[in-house]
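If you read the sequences in order, they're chains G and C.
Sequential numbering from 356 applies to the first sequence in the working numbering.
Sequential numbering from 107 applies to the second sequence in the working numbering.
Wrong hints could be hidden among the right ones.
Here are the simulated DSSO-like pairs of lysine-lysine, each with C-alpha atoms no more than 30 Å apart in a straight line [what the hints assert, rightly or not]:
{"hint": "1", "chain 1": "C", "residue 1": "Lys163", "chain 2": "C", "residue 2": "Lys176"}
{"hint": "2", "chain 1": "C", "residue 1": "Lys163", "chain 2": "G", "residue 2": "Lys461"}
{"hint": "3", "chain 1": "C", "residue 1": "Lys163", "chain 2": "G", "residue 2": "Lys464"}
{"hint": "4", "chain 1": "G", "residue 1": "Lys424", "chain 2": "C", "residue 2": "Lys163"}
{"hint": "5", "chain 1": "G", "residue 1": "Lys358", "chain 2": "C", "residue 2": "Lys120"}
{"hint": "6", "chain 1": "C", "residue 1": "Lys115", "chain 2": "G", "residue 2": "Lys461"}
{"hint": "7", "chain 1": "G", "residue 1": "Lys409", "chain 2": "G", "residue 2": "Lys464"}
{"hint": "8", "chain 1": "G", "residue 1": "Lys464", "chain 2": "G", "residue 2": "Lys358"}
{"hint": "9", "chain 1": "C", "residue 1": "Lys189", "chain 2": "G", "residue 2": "Lys464"}
{"hint": "10", "chain 1": "G", "residue 1": "Lys424", "chain 2": "G", "residue 2": "Lys409"}
{"hint": "11", "chain 1": "C", "residue 1": "Lys189", "chain 2": "G", "residue 2": "Lys358"}
{"hint": "12", "chain 1": "G", "residue 1": "Lys464", "chain 2": "C", "residue 2": "Lys115"}
{"hint": "13", "chain 1": "G", "residue 1": "Lys461", "chain 2": "G", "residue 2": "Lys358"}
Derived Cβ-Cβ restraints for the label pairs, each shown as a range [as the list claims (entries may be wrong)]:
{"hint": "14", "chain 1": "G", "residue 1": "Ser436", "chain 2": "C", "residue 2": "Glu175", "range": "18 to 26 Å"}
{"hint": "15", "chain 1": "G", "residue 1": "Ile468", "chain 2": "C", "residue 2": "Ala187", "range": "40 to 48 Å"}
{"hint": "16", "chain 1": "G", "residue 1": "Leu435", "chain 2": "C", "residue 2": "Asp165", "range": "28 to 36 Å"}
{"hint": "17", "chain 1": "G", "residue 1": "Pro362", "chain 2": "C", "residue 2": "Glu207", "range": "37 to 45 Å"}
{"hint": "18", "chain 1": "G", "residue 1": "Tyr368", "chain 2": "C", "residue 2": "Gln123", "range": "46 to 54 Å"}
{"hint": "19", "chain 1": "G", "residue 1": "Tyr368", "chain 2": "C", "residue 2": "Ser186", "range": "48 to 56 Å"}
{"hint": "20", "chain 1": "G", "residue 1": "Ser396", "chain 2": "C", "residue 2": "Asn132", "range": "18 to 26 Å"}
No lab work stands behind these hints: they were computed from the structure.
Just so we're clear, the structure is a prediction, and the values are computed from it rather than from any experiment.
Cβ coordinates follow ideal geometry from the N, Cα and C atoms, glycine included.
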Amino acid sequence: LAKTTQPISMDSYEGQEVNITCSHNNIATNDYITWYQQFPSQGPRFIIQGYKTKVTNEVASLFIPADRKSSTLSLPRVSLSDTAVYYCLVGDGVGRAGSYQLTFGKGTKLSVIP
Amino acid sequence: DGGITQSPKYLFRKEGQNVTLSCEQNLNHDAMYWYRQDPGQGLRLIYYSQIVNDFQKGDIAEGYSVSREKKESFPLTVTSAQKNPTAFYLCASSPAGGDTEAFFGQGTRLTVV
């Protein structure tokens with residue numbers, strides 16, 4: 356399984372764009388990159404997923420360089436409600452039985468300041 | 107209304123007792139997972155199951171047991187062998203594969219006194 360490394364914490368002011376980078380040097384050919392958001396005392400929820408280049412949805416953008424050894428989650432114009440822990444996961448997209456463990460790291464605690 | 111349900115939300119048990127946490131999903135997902143989260147920490151994988159009647163140990167399976175007799179249910183038993191069982195427990199489900207989205211329950215906060 357590819358291991359991921361993220362900053363432990365980040366601070367940002369309201370209205371700014373926030374970029375959280377995740378390193379996954381051992382990513383395999385079939386692996387997808389997925390980001391989740393977790394608020395205190397709640398289960399994580401899916402934000403965005405990608406395989407290569409750029410993916411954008413109504414909440415965030417995900418940038419993946421050609422070598423796929425890292426990825427960057429971009430949150431545009433954050434608000435106080437974006438204060439949460441953000442997790443980067445790497446998982447096998449083939450879906451072979453028993454191959455996908457859905458392993459979380461420690462995540463990045465984002466604090467948005469008024 | 108599709109989703110994944112954990113019960114109860116809060117659970118108190120005396121030390122030395124086994125306790126079973128419930129997790130039910132009606133999303134028709136093949137894969138289900140159990141995690142433990144301690145204050146200020148990330149999620150640690152306890153057990154996961156990709157298909158009915160099959161499951162694998164995660165990183166911290168000691169002191170826990172699971173069953174997967176039905177596709178929609180994946181109960182977790184915290185046994186007396188678990189040295190420090192007080193924690194927040196999260197259940198998740200997903201279609202099998204790393205290119206899919208996982209859905210989480212609201213969690214069960216277990217306190218052992």
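Checklist line | Hinted pair Lys163 (chain C) and Lys176 (chain C), Cα distance within 30 Å | finding: holds (18 Å)
Notebook entry, point to check: Should the hint that Tyr368 (chain G) and Gln123 (chain C) are 46 to 54 Å apart at their CB atoms be regarded as holding?
Noted result: Since Tyr368 (chain G) and Gln123 (chain C) have Cβ atoms about 49 Å apart, the given range 46 to 54 Å holds.
Next item on the list: With a cut-off of 30 Å on the C-alpha distance, tell me whether Lys464 (chain G) and Lys115 (chain C) pass.
Entry: Roughly 24 Å separates the two Cα atoms, so the pair holds.
Notebook entry, point to check: Okay, Ser396 (chain G) versus Asn132 (chain C) on CB: inside 18 to 26 Å?
Noted result: holds (23 Å)
Item checked: Pairwise hint evaluation, Lys358 (chain G) against Lys461 (chain G), where the allowed Cα distance is 30 Å at most -> Measuring from Cα to Cα gives roughly 11 Å; hence the hint holds.
Margin query: Lys115 (chain C) and Lys461 (chain G) were given as a pair; does the straight-line alpha-carbon distance stay at or below 30 Å?
Written below: holds (24 Å)
Item checked: Distance restraint hint 48 to 56 Å, applied to the beta-carbon atoms of Tyr368 (chain G) and Ser186 (chain C) -> Roughly 49 Å apart at Cβ, these two residues keep to the hinted range, so it holds.
Next item on the list: Compare the distance between the alpha carbons of Lys163 (chain C) and Lys464 (chain G) with 30 Å, and conclude whether the hinted pair is satisfied.
Entry: Judged against 30 Å, a Cα distance of about 28 Å means the pair holds.
Next item on the list: Decide if the proposed pair is consistent with the structure: Lys189 (chain C) and Lys464 (chain G), CA atoms, cutoff 30 Å inclusive.
Entry: Status holds; Cα separation ~28 Å.
Check: Would the pair Lys424 (chain G) and Lys409 (chain G) pass a check requiring their Cα atoms to be no farther apart than 30 Å?
Finding: holds (14 Å)
Check: Taking the CB of Leu435 (chain G) and the CB of Asp165 (chain C), does the distance hold inside 28 to 36 Å?
Finding: This hint holds: roughly 34 Å between Cβ atoms.
Check: For the pair supplied as a hint, Lys358 (chain G) and Lys120 (chain C), is the alpha-carbon distance within the 30 Å limit?
Finding: violated (37 Å)
The structure is inconsistent with the numbered hints 5, 14 and 17, although it conforms to all the rest.
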